[in-house]
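Novice: Single-letter residue listing:
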Amino acid sequence: MSESDKLTLQNDKFSEVTIERENVLSFPQGLPGFEHLRDYGLVETDEEVPFLRLQSLDEPRLGFVIVNPMLLWPEYNPDIGQEDLQGLGITQTEHLAIYCIVTLSTDPRQVTANLRGPICINTESMQAKQMILVDERYHIKHSIMEASSREA
Amino acid sequence: MLVLTRKAGESIVIGSEIRVTILELQGRQVRLGIEAPSEISIHRGEVYERIREENERAAEGDQRELKALSQVLKQVGN
Numbered sequence: 001m002s003e004s005d006k007l008t009l010q011n012d013k014f015s016e017v018t019i020e021r022e023n024v025l026s027f028p029q030g031l032p033g034f035e036h037l038r039d040y041g042l043v044e045t046d047e048e049v050p051f052l053r054l055q056s057l058d059e060p061r062l063g064f065v066i067v068n069p070m071l072l073w074p075e076y077n078p079d080i081g082q083e084d085l086q087g088l089g090i091t092q093t094e095h096l097a098i099y100c101i102v103t104l105s106t107d108p109r110q111v112t113a114n115l116r117g118p119i120c121i122n123t124e125s126m127q128a129k130q131m132i133l134v135d136e137r138y139h140i141k142h143s144i145m146e147a148s149s150r151e152a
Numbered sequence: 001m002l003v004l005t006r007k008a009g010e011s012i013v014i015g016s017e018i019r020v021t022i023l024e025l026q027g028r029q030v031r032l033g034i035e036a037p038s039e040i041s042i043h044r045g046e047v048y049e050r051i052r053e054e055n056e057r058a059a060e061g062d063q064r065e066l067k068a069l070s071q072v073l074k075q076v077g078n
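As given, the protein sequences belong to chains A and B, one line each in that order. Everything in the first sequence is counted per my numbering, starting at 1 for the first residue and increasing by one. Everything in the second sequence is counted per my numbering, starting at 1 for the first residue and increasing by one.
The hints are simulated quantities; they were obtained by calculation from the structure and are not laboratory data. Do not rely on the hints blindly, as some may be mistaken.
Unchecked claim - Result set (DMTMM-like, lysine to aspartate or glutamate): computed pairs, CA atoms no more than 20 Å apart in a straight line:
(1) B:K74 - A:E146
(2) A:K6 - A:E59
(3) A:K141 - B:E56
(4) B:K74 - A:E16
(5) B:K67 - A:E48
(6) A:K13 - A:D107
(7) A:K13 - A:D39
(8) A:K141 - B:D62
(9) A:K6 - A:E44
(10) B:K67 - A:E44
(11) B:K67 - A:E47
(12) A:K141 - A:E94
(13) B:K67 - A:E146
(14) B:K7 - B:E24
(15) B:K67 - A:D46
(16) A:K6 - A:D39
(17) B:K67 - A:E16
(18) A:K13 - B:D62
(19) B:K74 - A:E44
(20) A:K13 - A:D79
(21) B:K74 - A:D107
(22) A:K13 - A:E44
(23) B:K74 - B:D62
(24) A:K13 - A:E47
(25) A:K13 - A:E59
(26) B:K67 - A:D12
(27) A:K6 - A:D46
(28) B:K67 - A:E136
(29) A:K13 - A:E48
(30) A:K141 - B:E46
(31) A:K13 - B:E60
(32) A:K141 - B:E60
(33) A:K141 - B:E54
(34) B:K74 - A:E47
(35) A:K141 - B:E53
(36) A:K13 - B:E54
Looking at chain A on its own, in the form it has when it is part of the complex (with noise of 0.2 Å):
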């Protein structure tokens, strides 16, 4: 891959990024509270495995942690509305990835991840969007210490 299909990227908050162009993920209305940014790269680290970094192309400074929900919540079946899933043109599941914003904290306890508001992918177009469910199940605090240790 050349150099120019990647984007370094300097967050004062986070080690120096590089983002792959097919990482690219384009969120047409923005998330919530960040209207206004519409394009973050996906990056993964062996580092910070389970764990993603969405970084905001557009804001170097912003930036947020993802994780995939089923590792954690292998129950995790969120009800996402069809009209949803066609808005992201998702007609089949295959098609569909699905992520968790983390929230951290000093105090790893009080880490959580949002999971009423997951992040839908169209992996296909790369379009994203971040659906507020409706499914009464899920909350916008979920324990990820609970949750792992739980799993071991």
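Go by the hints and put chain B onto chain A.
Specialist: Leaving out everything else, chain B in the frame of chain A:
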């Protein structure tokens, strides 16, 4: 707050590009159809604010916190 009374099949227009139509009334539920430009995001109201606040908190995270978490999780896994 502007309050308007509408029947099923009737609509309201907001600006020149947004139209909200009352599609169906069923018991305590109302089904709405919304036509708006695709760049306008439309969400169910109650949870939206809480998700927005949580996104703002999540954006405050830093590398040290992520490292600490990864280490603790590795210990749990071992």
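Novice: Each hint: holds or not?
Specialist: Comparing the hints with the structure gives:
no.: 1; hint: B:K74 - A:E146; in the structure: 14 Å, holds
no.: 2; hint: A:K6 - A:E59; in the structure: 17 Å, holds
no.: 3; hint: A:K141 - B:E56; in the structure: 14 Å, holds
no.: 4; hint: B:K74 - A:E16; in the structure: 24 Å, violated
no.: 5; hint: B:K67 - A:E48; in the structure: 7 Å, holds
no.: 6; hint: A:K13 - A:D107; in the structure: 17 Å, holds
no.: 7; hint: A:K13 - A:D39; in the structure: 19 Å, holds
no.: 8; hint: A:K141 - B:D62; in the structure: 18 Å, holds
no.: 9; hint: A:K6 - A:E44; in the structure: 14 Å, holds
no.: 10; hint: B:K67 - A:E44; in the structure: 14 Å, holds
no.: 11; hint: B:K67 - A:E47; in the structure: 8 Å, holds
no.: 12; hint: A:K141 - A:E94; in the structure: 27 Å, violated
no.: 13; hint: B:K67 - A:E146; in the structure: 18 Å, holds
no.: 14; hint: B:K7 - B:E24; in the structure: 9 Å, holds
no.: 15; hint: B:K67 - A:D46; in the structure: 12 Å, holds
no.: 16; hint: A:K6 - A:D39; in the structure: 14 Å, holds
no.: 17; hint: B:K67 - A:E16; in the structure: 15 Å, holds
no.: 18; hint: A:K13 - B:D62; in the structure: 5 Å, holds
no.: 19; hint: B:K74 - A:E44; in the structure: 17 Å, holds
no.: 20; hint: A:K13 - A:D79; in the structure: 34 Å, violated
no.: 21; hint: B:K74 - A:D107; in the structure: 15 Å, holds
no.: 22; hint: A:K13 - A:E44; in the structure: 16 Å, holds
no.: 23; hint: B:K74 - B:D62; in the structure: 19 Å, holds
no.: 24; hint: A:K13 - A:E47; in the structure: 16 Å, holds
no.: 25; hint: A:K13 - A:E59; in the structure: 13 Å, holds
no.: 26; hint: B:K67 - A:D12; in the structure: 15 Å, holds
no.: 27; hint: A:K6 - A:D46; in the structure: 18 Å, holds
no.: 28; hint: B:K67 - A:E136; in the structure: 31 Å, violated
no.: 29; hint: A:K13 - A:E48; in the structure: 15 Å, holds
no.: 30; hint: A:K141 - B:E46; in the structure: 16 Å, holds
no.: 31; hint: A:K13 - B:E60; in the structure: 9 Å, holds
no.: 32; hint: A:K141 - B:E60; in the structure: 16 Å, holds
no.: 33; hint: A:K141 - B:E54; in the structure: 9 Å, holds
no.: 34; hint: B:K74 - A:E47; in the structure: 11 Å, holds
no.: 35; hint: A:K141 - B:E53; in the structure: 12 Å, holds
no.: 36; hint: A:K13 - B:E54; in the structure: 18 Å, holds
Comparing the model with each numbered hint stated earlier shows that hints 4, 12, 20, 28 do not hold.
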